[in-house]
Structure formats: structure tokens, C-alpha cells
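**Student:** Next come the chains, spelled out residue by residue.
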Amino acid sequence: MNFLIPFPFLLPLIAIVFLAIVYKLKSSWLKGTATLFSFLYVVVAFLLAFHSYSMGTVVYHFADWGFPAAISYVLDPLSATMLVLCALSSLLAHCFGVFEKRKQNFLSHWILFHGMHAGINGAFLTGDFFNLFVSFEIFLILSYCLVLSCVPKFKGVSKYIYLNIVASAFLLLADGLCYGVFGTLNMGELSSILAGPLTDFQVVAAKVLFFLFLLVALMKAGSFPFFQWMPEVYAVLPRAMCAFFSALLTKVGIYLILRCGLSVFPGFAHHFFPVLIVLGLLSLFVGVLAALGQKEVKKLLAYHTVSQIGYILCGLGVVFYLIPQNNIPLLSLSIVAVVFYVIHHSFVKSSLFAIGSEIVSLRGHAKVGKTFGLYFQEKSLALLFLFSAFALAGLPPSSGFVAKFLLLKSMAQSEFYFLIFSLIVGGILTLASMLKIWTYVMSGVDEEFVRPKDYQYSKKSLFFYVLVSWILVFSLLPLSKWGEHLSGQLANPKIYRSSFKTGVTNFKERVQEK
Amino acid sequence: MLAQYSLIMAALFAIMLFVGFWLLSALQLWKKIIGVALLGNAVNFYLVLSGFWPRTKSTDVYVLVSRPAFLSLGDSEFFSDPVSQALVLTAIVIGFAVLALLLFYYVYQVLRKKDQL
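Line by line, the protein sequences are chains C and L. Residue numbering for the first sequence follows our numbering, beginning at 9 and increasing consecutively. Residue numbering for the second sequence follows our numbering, beginning at 22 and increasing consecutively.
It should be emphasised that the hints constitute simulated quantities derived from the structure, not laboratory data. For every residue, glycine included, the Cβ atom is placed at its ideal position computed from N, Cα and C. Keep in mind that the hints are not guaranteed to be accurate.
[Unchecked claim] Quick look at which bits of chain L chain C covers, simulated, 3 or more residues with Cβ under 8 Å:
{"hint": "1", "region": "25-37"}
{"hint": "2", "region": "112-124"}
[Stated by the list, open to error] Result set (DSSO-like, lysine-lysine): computed pairs, CA atoms no more than 27 Å apart in a straight line:
{"hint": "3", "chain 1": "C", "residue 1": "K163", "chain 2": "C", "residue 2": "K303"}
{"hint": "4", "chain 1": "C", "residue 1": "K163", "chain 2": "L", "residue 2": "K52"}
{"hint": "5", "chain 1": "C", "residue 1": "K502", "chain 2": "C", "residue 2": "K489"}
{"hint": "6", "chain 1": "C", "residue 1": "K215", "chain 2": "C", "residue 2": "K502"}
{"hint": "7", "chain 1": "L", "residue 1": "K52", "chain 2": "C", "residue 2": "K32"}
{"hint": "8", "chain 1": "C", "residue 1": "K444", "chain 2": "C", "residue 2": "K387"}
{"hint": "9", "chain 1": "C", "residue 1": "K161", "chain 2": "C", "residue 2": "K303"}
{"hint": "10", "chain 1": "L", "residue 1": "K134", "chain 2": "C", "residue 2": "K161"}
{"hint": "11", "chain 1": "L", "residue 1": "K52", "chain 2": "C", "residue 2": "K161"}
{"hint": "12", "chain 1": "C", "residue 1": "K163", "chain 2": "L", "residue 2": "K134"}
{"hint": "13", "chain 1": "C", "residue 1": "K417", "chain 2": "C", "residue 2": "K489"}
{"hint": "14", "chain 1": "C", "residue 1": "K303", "chain 2": "C", "residue 2": "K489"}
{"hint": "15", "chain 1": "L", "residue 1": "K52", "chain 2": "C", "residue 2": "K489"}
{"hint": "16", "chain 1": "C", "residue 1": "K215", "chain 2": "C", "residue 2": "K509"}
{"hint": "17", "chain 1": "L", "residue 1": "K134", "chain 2": "L", "residue 2": "K52"}
{"hint": "18", "chain 1": "C", "residue 1": "K167", "chain 2": "C", "residue 2": "K387"}
{"hint": "19", "chain 1": "C", "residue 1": "K303", "chain 2": "C", "residue 2": "K387"}
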């Protein structure tokens, strides 16, 4: 089954070529073909997840070069989780896009969408820092094209583009530093070098390197000082793209922090836990307070994402604090809490964005200022919104409750009581901003509103979105088994290191034989 | 020899990086595009420099030869490091793609304005 590992990257690349041909020949088939491909991604992602459940951490070396010379793709439970997440949210976005019966605008976006899928999957799988940069760039250049095609003026999305150009420059700088000091870009080899004896200069270089990767990841995740791009991008994107972006754009950064901290730099991560907690708390409160002051539905939801990223960063801070303490059960619990929060947040946020976009297109504009009375216009839409808002706030039978409960439990057991207090205050403020949408959009009556003729929205796909965010609870039993497996593999960086060397001939030995 | 050379290289890198960031904070789009180009080239320059490595204890040959990639052969063999060159080629191509996209958008905007007038 190892031959399947590069396919999450290769299949979307094949799909781009195929979709471009279909777009030229018969453009009405484009969406159907795109959905078929995304269904294929889900199948491949689940196959890889089962493979990683039985085999643990597996490494695929491209073109059978030896260990440090080859570009390697690593399939471990964390990357398998992210692959499944990416494939499922892509399928949901396709369903949402295909069932809509409005103008056939933005058709060529689906081709860009699959290219972005390739880049994100490559970033989740790769075991090489330069390849990580290349994957990020594949994904970023296509997303620049996508957002630029959605705005009339460059100024609308300039923050997103400049921030990501600077982040890419920092990532490349980190790659240069890594190669200059340690002589390798392979994550497994770097992890082994860092675990061994180091000179003073190398220790300083490793700290700087980890700081640079953390900086890049925080820029991608949209944490406190770097969140301004998020509302402007989410406000202009078309509906299905918006749902996909909100599910995965920030999660790439979170994945990079988890991978660097737990697998590559486990000896250096705990120096940075106060940074993560402070930035997490700042983005929690700044995000939610900015959301309270917003006047547009989609911008409000985007600022919400900032505050949810704050929750995840606090959880990551706890994980980094626990790494040197050798308390494996507690470390496993906090890793599972963070990963489950990421899964929950992707689905709930994309469902909220999907419903928010639906409200905007029903109403014709995005302002929140005046009462609208959606409940009397479209009862089902209002109810769906209510359910996903409850899931976000963490009402007991929803996935948000489980995610928040796990996060708070890990914080209580590692005695971060002030974090628990601030998270609960943040949760109450989140509810307040949800109430703002409720009062201005759902309740009341807008008498001047004229319902657009033959307006139809895709009830089915929206229903799927909300269903997924609630059904996560019922899959808790298999997910808890998966979480045990994931945290067991991830809490021990030795598994990650040794997986690179098993089953391949060493390149150095091969050359010396000749 | 080594100290001066490293200092010149570091100063060049710092100047390029500084001017790049400075231009990136300008208001006009064309200045920002030049800033993006300079920033990318500064980082590429750094990537080339990362291939150099002290081969022997006497540091006089530091800048003249780089180490072989992946191998630790005897000091007598003279290899140059292919990896950092391969990396910088890829990085240049990617930076060029971003630059081309921004330039295309700039030209597109200017032409559209002229059409309206």
C-alpha cells in the first residue's frame, strides 16, 4: 500500500489537466467531473488512514534514492487525519457548489481549487523542509489567482498576498539556515541530529530555526498580529470556495506547528510555550471583540475564526509545556484535544460560512445593521444556522462540547487554571456575538425586503454541512481509538526518526561501496 | 580574507532585505512589486551562501570551495555542493511565478483604467 502515499498529491495534478480539457470541450460537465475527482480523494485518504492505522508511521522515498538524499513523504496518523479532513471538506464544498442552481459563474475556479488541494496535501505529507516550501507555494500562487479574480481592485486582497509573500520569504530563509548549519533539509535526519550532542552554536541556530518556522506557521494560521488578511479574503470569496478556505487555510499553520514541535524540534519546543499561550489569549480576545464590532456577516464569522485559532494555540501551548515532563498520558490527552478541536473547527466553521454566504445571497447585501427576519423568510435556513452556532458555542450533544471539554480537561490536569478562566470568558463572548447575528439577521421583520424571484438555495448540501458537524459526536468511539493511536505515534519522536531509515538502503553507504 | 568576505556578503544580504521590506511598505503597487522582487532575490542570495562550509581547519579556503552534498569523503576531493544550487533554481522559478502574476495584474489594471478614459 506504500505506493498510494504520493497519490493525494498526484491525483489533483492529474485532475487539473483533465478538468482544463473538460472546461474547453464541455463546460457544463466541469462540476460533475470535479466532484467525481474529489470523491476519489476521499477514497484515497481513507485508504491511507487505514494503512496508517495498521502500520503506524510509514515513509515513501521518491525514486528509490537512499535515506537522506531522497525527497520523502511521511504518512503518520496526524498527516492521515489532515488528509481525510482536507478530502472531506473538499467533497462537501463540491456538493455545495454543484447543487447550486444559479448563474454558471466562477466555473474555472474549480480548476484552481484542485491545484490548491494538491498543494495542501503535499504540505501535509512531506518530510522535507524545501518540499514544504514548494507545496506552500503551489497552494499560495493558485490562491492568489483565485482571490485576485474575485475582487475588482488589488487593494481588496493586498494584505493576504503581501503577508504570504513575506511568510514564504521567511520559510525560504529558514530552509537556508537549516541547510547551512545542519547540512540537511530532511525532517527525519534533522530530528536525529537535534537529538544527538550539539555545539553551542548549533543550539542557538536550532532555536532561531524553530522560531522562524513558528513565525511562518503563525502567519499562515492567522493568529494575533497577523490576522488582518482573514476578514478581507473571506468576505470576497464565492460561497463554496469560502467554505473550503475557512476549513483548511488556517489549519495548515496549525499542522506545521504540531509537526515541528512534536516530531522535529521536541527538545526546543518547550522554550516557546509562553509565546504560544500569550498569542493564543491575545487572538482569542482580540478576535471575539472585533467580531462583536463587525457590521457584515462574513467578516464577523472571519473574526470568529481568529478567536477559535486562539483556543487552538492555547492548547498547543499546553502541549509544548508538557513535552519535557515525560507525562505521556497527559501529553497524549492534550495532543488529542488539539487535533479534535482542529477537526471540529474545520467542519463547523465551513458550515457557518456556507450558511452565512447563503444569507448574503438571499438578502443581496452583507450588512448586519438592520433587522431582517430570516426566520420568517426561510425557516430551514434559520434553523440550520442555529444548530451550527450551537455546535460552535459548544452545546452539550454537539462536537463543540466534546472539543472544548477535552481542551479544558487537558488544561485542568496540567494546572493552567487562568487559561480555563479566560477560555470560558471567551466562550461567553462568542455566544454574545452569535446573539448579535441572531437579533439582527434572524429575528424581527424587514418590511422593505423583496424576495428575489425564483430564489432557491441548496438545502441538501447545507444540511450535510451541519449534519457532519453534529455527527462527529456519534463517531466518538472510533475517533477515540484513532486518537490513542495518533497520540501514541506523535508523542514519541523516536518513531518518527526511525521510520525514515527502515526498509531503505542508506545513500551514503551506497556511494561509499562504489 | 574570510572575515572581510563574510562581512561583505552579510552586509549585501542585509541591504537587499532592508530595501525589499522598505519598498514593500510603499503605497504604489509598482514599488511594492520591485520590493517583492528584491526580497525574493535577497533570500535566494542567502540560500546560495548556505552551501559554503568550512572544509578544513585553516579557514582560508572557506569561500572558494563548498562541501559535497550528503557525503563525507576525504578532504582531498574537491566537490561543489549541488543541493543549494538546485534549491536556489527552484526558488528563483517560484519567485518568478509570483512576480509574473503581480506584474500581469498591474498591467491589467493600468490597461483597464486607460480603457475607461
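**Student:** Look at each hint and say if it fits the structure.
**Tutor:** Consistency of the hints with the structure:
1. 25-37: Result for this restraint: violated, n = 0.
2. 112-124: holds (count 6)
3. C:K163 to C:K303: holds (20 Å)
4. C:K163 to L:K52: Within the cut-off at roughly 14 Å; holds.
5. C:K502 to C:K489: This hinted pair holds, its Cα atoms lying about 22 Å apart.
6. C:K215 to C:K502: OK: K215 of chain C and K502 of chain C at ~20 Å, within 27 Å.
7. L:K52 to C:K32: Roughly 37 Å separates the two Cα atoms, so the pair is violated.
8. C:K444 to C:K387: holds (18 Å)
9. C:K161 to C:K303: Answer holds: K161 of chain C to K303 of chain C is near 21 Å, not above 27 Å.
10. L:K134 to C:K161: holds (11 Å)
11. L:K52 to C:K161: holds (17 Å)
12. C:K163 to L:K134: holds (15 Å)
13. C:K417 to C:K489: holds (18 Å)
14. C:K303 to C:K489: Cα-Cα ~43 Å, so violated.
15. L:K52 to C:K489: Status violated; Cα separation ~54 Å.
16. C:K215 to C:K509: Holds. K215 of chain C to K509 of chain C sits at ~25 Å (cutoff 27 Å).
17. L:K134 to L:K52: With a Cα-Cα distance of about 19 Å, the restraint between K134 of chain L and K52 of chain L holds, given a limit of 27 Å.
18. C:K167 to C:K387: With a Cα-Cα distance of about 37 Å, the restraint between K167 of chain C and K387 of chain C is violated, given a limit of 27 Å.
19. C:K303 to C:K387: holds (23 Å)
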